[in-house]
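Each chain, written out:
Protein chains: 2
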Amino acid sequence: MNELELIARLTRALPANASVVTGAGDDCAVLDCGQPGRYLLFKTDAIVEGVHFTSQARPEQIGHKALGRCLSDIAAMAGRPLAALVTLALPNNFSADFIERIYTGINCLAQRHGVAIAGGETTRNPERLLLSISMVGDVARDKCILRSGAKAGDALFVTGELGGSIAGRHLEFEPRLSEAQWLAAHFPIHAMIDLSDGLAGDLRHVLRASRVGAELLGRAIPISRAAKLQARAESSSKPPLLSALGDGEDFELLFSLASSHAVPLLDGWKKQFPELRLSCIGRITAEPGLKLRDKTGIRSLETHGYVHFA
Amino acid sequence: MNELELIARLTRALPANASVVTGAGDDCAVLDCGQPGRYLLFKTDAIVEGVHFTSQARPEQIGHKALGRCLSDIAAMAGRPLAALVTLALPNNFSADFIERIYTGINCLAQRHGVAIAGGETTRNPERLLLSISMVGDVARDKCILRSGAKAGDALFVTGELGGSIAGRHLEFEPRLSEAQWLAAHFPIHAMIDLSDGLAGDLRHVLRASRVGAELLGRAIPISRAAKLQARAESSSKPPLLSALGDGEDFELLFSLASSHAVPLLDGWKKQFPELRLSCIGRITAEPGLKLRDKTGIRSLETHGYVHFA
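Residue numbers (the numbering used here), protein chains in the order written: chain R, 1 to 310; chain B, 1001 to 1310.
These are computed hints drawn from the structure, not numbers from a lab. One or more hints might be untrue.
[Stated by the list, open to error] Here are some of the chain R residues that sit facing chain B, going by a computed Cβ distance under 8 Å:
| hint | residue |
| --- | --- |
| 1 | Ala16 |
| 2 | Asn17 |
| 3 | Gln35 |
| 4 | Arg38 |
| 5 | Phe42 |
| 6 | Asp45 |
| 7 | Ala46 |
| 8 | Ala89 |
| 9 | Asn92 |
| 10 | Tyr103 |
| 11 | Ala118 |
| 12 | Gly120 |
| 13 | Thr123 |
| 14 | Leu207 |
[Said to hold, decoys possible] If you only want the chain R side, here are some residues facing chain B, beta carbon under 8 Å, derived:
| hint | residue |
| --- | --- |
| 15 | Leu6 |
| 16 | Pro36 |
| 17 | Leu85 |
| 18 | Ala96 |
| 19 | Thr122 |
C-beta atoms are modelled at their ideal positions from N, C-alpha and C, and glycine is treated no differently.
Work out the full structure, taking the sequences as your base and the hints as a guide.
If you want it as structure tokens, here you go:
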């Protein structure tokens, strides 16, 4: 049983109550806690030594990554982060200095995005460091963007460049909070997700939740320099397009909106975020399934995103 | 450096914002997220195999304990739990059946207290199971009870019986949510905490936050049957009073209120919760420090509560 099958089994019948607007299955849980006009966003995310980072990572990067992953999920709902709690499970050989430097990474990123670190706890995990972040945020009720709203005919967009994140970006990415808030404020975005499992894998989450399909344009997919370098360096390596489709931890935004908004969006984006690429990479189709169109024609895409328990 | 020193160093200068009413240092973080008349409570708590439970524990008990610890912290603020997220870090040899039974324990307790399980995540932790719960709850602004409100002259109360929790209660305790809500609704409680580190240790947290001292009455401290049995079974074991003072994980409520309310409280409690003992165990003093009065006189209490990294 892989992770997705286990999660499906576990989330089949979870206890609910009147506060839950959207439970398991989106980037964040969405709660109605009685804030006038707003929903609460609630998210938790853990990173583990040897799984999500190696002993080569600087402690500041480890803290940055842990908090950044949660912030990226708040961004995916076009939300505003409010406060986070830090759970630090420490190995036997922890040094206080190392832990303080992790907090430096957390605190710097938190300050940049106005999120409070409201506490947390430390416990033991003898063999390896585990760092889990819990976060609450909020969003205007009419601006909360789920995975489930994609419609046939929508244009598909992605921010930044994809693939090869393992070369370094996975430890230093900037969560796309202001970009997501700008998108939600200016355009009727139908569905959005942050790219953590890889373009193909995360797009499948959107398609499943929205009960639609998609067709990607191979030559429109923005490939990162890291993915290209990686392909050149290792002769056995996969082509860079496959890296862009399958590598995890890009932490870019993938979203869809009616194609009539595509040109105004690209114009507005260029003025607002001149340094960050925005690419139209395909369209949503009524027919289910994920297809890739390239020079050789159109074919079903079998590439899976990164699955933690493959 | 022990855990308390490390936490003190880490929490010295955490990023804050306008949403934070009370950050690190109470049972839950208290946030103002714009709910009219209410505060949001935010808490995270992790349990680790070999630290908080052994491989002898039934998986349902592990799930119960993880969720129950968070619920107990919500109770300590007189709050109402709303929703939880489950972070499951799975060892290499995990069985899906074992994990499902953990969820059974979580879900049963969640249903009993009306808290939703709004999602979560699974990740890997090769050597041992780690289970972390994040929880949001809320509380009326004028009923939120902090650790910092104890006043000289207050009477000190504790629910239930203390000590010897390791014999089984730490896996099966019922969080005192309805008791705490009833207390806050009917009496002006000054300060409250749930007993996780042991009576002496947790009382010290209240005294430090409130800048007061306390005098405990040795013969008034309710000692559990498990602590008495333990003392009888092992000749080398500590006296049961020391178990009641120092053992962790009782998950009972410790609170203070003006002594003029002590008799009406005991009367009202007996009618409302006839099955659960409530004991007046001493009083808050203006002079700092923790003292114990027993047959032999009055002396300073050196007993520390359980400290995770002693």
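| field | Hints violated by the structure (numbers, ascending) | value | The structure breaks hints 9 and 14; every other hint is satisfied.
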